[in-house]
Amino acid sequence: MAAAEGPSAALRRRDLCSRGIRLAGKMRADVVDLLDAYVEQQGLDASASVAAVEGVPVAAVERWDEQTGTQRLLENLAAYRAFRALLAQMLEEQREQLGEADAGLGRALAAVLLQVSAFAYHLEELLRLESRGIPGEEGDGPPPPPRLSLFEQKLRGLGVLRELAQWAVRSARDLRQLGKPSSAAGAAPGLAESP
Amino acid sequence: DSHTQYERVGADVTMKCGSMDWDAAVTWTANGTDIDESHLNGSYLILKNVDLSQSGQYSCYEGSSWHLKYQTNLRVGTPPKEPVLMCRSNNYPKGFYCSWHLPTPTYIPNSFNISVIHGTKDMVCEKDAVPKNRCHIRYLQLFSTVKYKVTLTVTNALGKNFTTLTFDEFAIVKPDPPESVVAKPVPNNPRRLEVSWQNPSSWPDPESFPLKFFLRYRPLILDQWQHVELSDGTSHTITDAYAGKEYIIQVAAKDNDIGTWSDWSVAVHATPWTEEPKHLTTEAQITETTSASTSSFMAPPTTKICDKGAVVGSGAMAVCWTAGLVVAAYSVLFI
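Protein sequences appear in the order of chains A and B. Take the first sequence: its letters are residues 52 to 246, numbered as in our numbering. Take the second sequence: its letters are residues 277 to 611, numbered as in our numbering.
For the record, the hints were derived by calculation from the structure and aren't laboratory data. Ideal placement from N, C-alpha and C gives every residue a C-beta, glycine not left out. Hints should not be assumed to be uniformly reliable.
A short, non-exhaustive set of chain B residues, derived as facing chain A with CB atoms under 7 angstroms [said to hold, decoys possible]:
hint, residue
1, Ser295
2, Asn409
3, His412
4, Leu418
5, Thr421
6, Leu487
7, Phe490
8, Asp533
BS3-like cross-link-like pairs, simulated, lysine-lysine; straight-line CA separation at most 27 angstroms [what the hints assert, rightly or not]:
hint, chain 1, residue 1, chain 2, residue 2
9, A, Lys77, B, Lys530
10, A, Lys77, B, Lys423
11, A, Lys77, B, Lys324
12, B, Lys408, A, Lys77
13, B, Lys370, A, Lys231
14, A, Lys77, B, Lys521
15, A, Lys231, B, Lys488
16, A, Lys231, B, Lys423
17, A, Lys231, B, Lys450
Go ahead and model the full structure; you've got the sequences and the hints to work with.
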């Protein structure tokens, strides 16, 4: 549980949350652009439904308003660490598939990967502020999944980017909750009042 | 016995007089008025190519005894056309509502059934008491990429029809317009108007789900609007109003991150502050002021097309003039 925070810690938290919200907003805008480019380049149908893919963190959550600040930070961190690995894999596959043929898409992927890494680091900063230990990353982790066909790779890529776009919106909301003056990491924020 | 009978517009309708034989002597009435024998085939009543005006109560009486042998309430109508369905979240993240109507009336009772599926999960859309053609759903999940599929089926005695909407959580978010829009002149400032408003009361948590706003304004005498987008705050000062001209002002709202803009708010009118005219008493001054003088309005200083340096109010983006705006010269007579 977080210790009672002094005013400087509260200010630091609000500052980190504000910057995080801006980062999430920029990231979302770039992911949406990347999604459009990806769909076009990969010859996919933008409205295609993609089943939940193993290993892709799902942004959907029940009882979101009842989550504690710590839950929000930990879930966000786990997600963005997973996205970091997934995007790195997509970048590698992209290079294998197209080589230098589509450097633009590769650059856009790399730029989003950078933002995802930066956001993960930002979340770690917030967790440190909450005097929470930062969960270690699984070093060896589970064995890599079996190699997918080219089409399966494309669909998974679509799923990754869609979920990332959702996460970017969720993260902004999470940080807004966290940045509220009344919010403390261990306490569940109050439920929204009915009009 | 009496019952209701539904028939399509344009249909040919044959009514039997209950269990009476074809050759029995009977009298038919429509809403109490005798029907001419030319419409009878034996004891059967024949109505060809029925229209809406022929709806009503039809009764058949035995010839001599005037015993009522049969009665039916004829309702002429049409099967339903494809209904119009709309779903919207004006209270995100609590839930959304769907509302519907028929494009053309059927003139007979209809029943509506709505189903909502989220992925593989059936959800219950609770019907509102008022209005009747509306139901609402609470979100069980947020931030889902799985689409919602809403199917509305309308059924009446003459047929059925349906329509389906598929959408994701973010796409249907559309707040109600801002409320309590107020515009006031600023004392001693002939070019300014202070505008303020409130978040729509239906938006449950503006602190966690902040809205951004779009303000538009124009003098009544011109057709082209000026627009300002505001990323925070519920007030704004217009600083480039034409002196002395009445303005019309409206505001719209949108969630900061998702969804679409609300409709425009109710319009408010305001005129910037003007100096009280001085009363002149000398003849020379009266002579001087009786000749018309022309003054041309200057374009507001420092405002260029999308000049990002022109900051108006906190958090505002640049004021963008529509190209080709022509400033009219006015003749003003000062008394």
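Each hint, compared with the structure:
1. Hint on Ser295 (chain B) is violated. Least Cβ distance to chain A is approximately 59 angstroms, over the 7 angstroms limit.
2. Given the 7 angstroms rule on beta carbons, the hint for Asn409 (chain B) is violated: about 22 angstroms separates it from the nearest Cβ of chain A.
3. The restraint placing His412 (chain B) at the interface with chain A is violated, with a minimum CB-CB distance near 13 angstroms, outside the 7 angstroms limit.
4. A least Cβ separation of about 5 angstroms between Leu418 (chain B) and chain A falls short of the 7 angstroms threshold, and the interface hint therefore holds.
5. The closest approach between the C-beta of Thr421 (chain B) and any C-beta of chain A is roughly 5 angstroms, which is under the 7 angstroms cut-off, so the hint is satisfied.
6. Hint status for Leu487 (chain B): violated, given a least beta-carbon distance of 13 angstroms to chain A, over 7 angstroms.
7. With 7 angstroms as the threshold, the beta carbon of Phe490 (chain B) stays out of range of chain A, its nearest partner Cβ sitting at about 18 angstroms, so the hint is violated.
8. Contact between Asp533 (chain B) and chain A, as hinted, is supported at the beta carbon level, the nearest pair being about 5 angstroms apart and thus within 7 angstroms.
9. Between Lys77 (chain A) and Lys530 (chain B) the CA atoms are separated by roughly 18 angstroms; this keeps the pair inside 27 angstroms, and the hint holds.
10. For the suggested pair Lys77 (chain A) and Lys423 (chain B), the alpha carbons sit about 25 angstroms apart, so the restraint of at most 27 angstroms is met.
11. At most 27 angstroms may separate the alpha-carbon atoms for a hinted pair to count; Lys77 (chain A) and Lys324 (chain B) exceed this at roughly 69 angstroms.
12. Taken as a hint, the Lys408 (chain B) and Lys77 (chain A) pair is broken in the structure, with Cα atoms around 43 angstroms apart against an allowance of 27 angstroms.
13. Pair hint Lys370 (chain B) plus Lys231 (chain A) holds up; C-alpha atoms about 20 angstroms apart against a cutoff of 27 angstroms.
14. Distance restraint check for Lys77 (chain A) and Lys521 (chain B): the Cα-Cα separation of roughly 41 angstroms exceeds the 27 angstroms cut-off, and the hinted pair is therefore not satisfied.
15. Restraint check: the Cα-Cα separation between Lys231 (chain A) and Lys488 (chain B) comes to about 18 angstroms, which is no more than 27 angstroms; the hinted pair holds.
16. With a C-alpha separation of about 31 angstroms, the suggested pairing of Lys231 (chain A) with Lys423 (chain B) is violated against the 27 angstroms cut-off.
17. About 24 angstroms separates the Cα atoms of Lys231 (chain A) and Lys450 (chain B), which keeps this hinted pair within 27 angstroms; it holds.
Hints 1, 2, 3, 6, 7, 11, 12, 14, 16, counting from the list given before, are not met by this structure.
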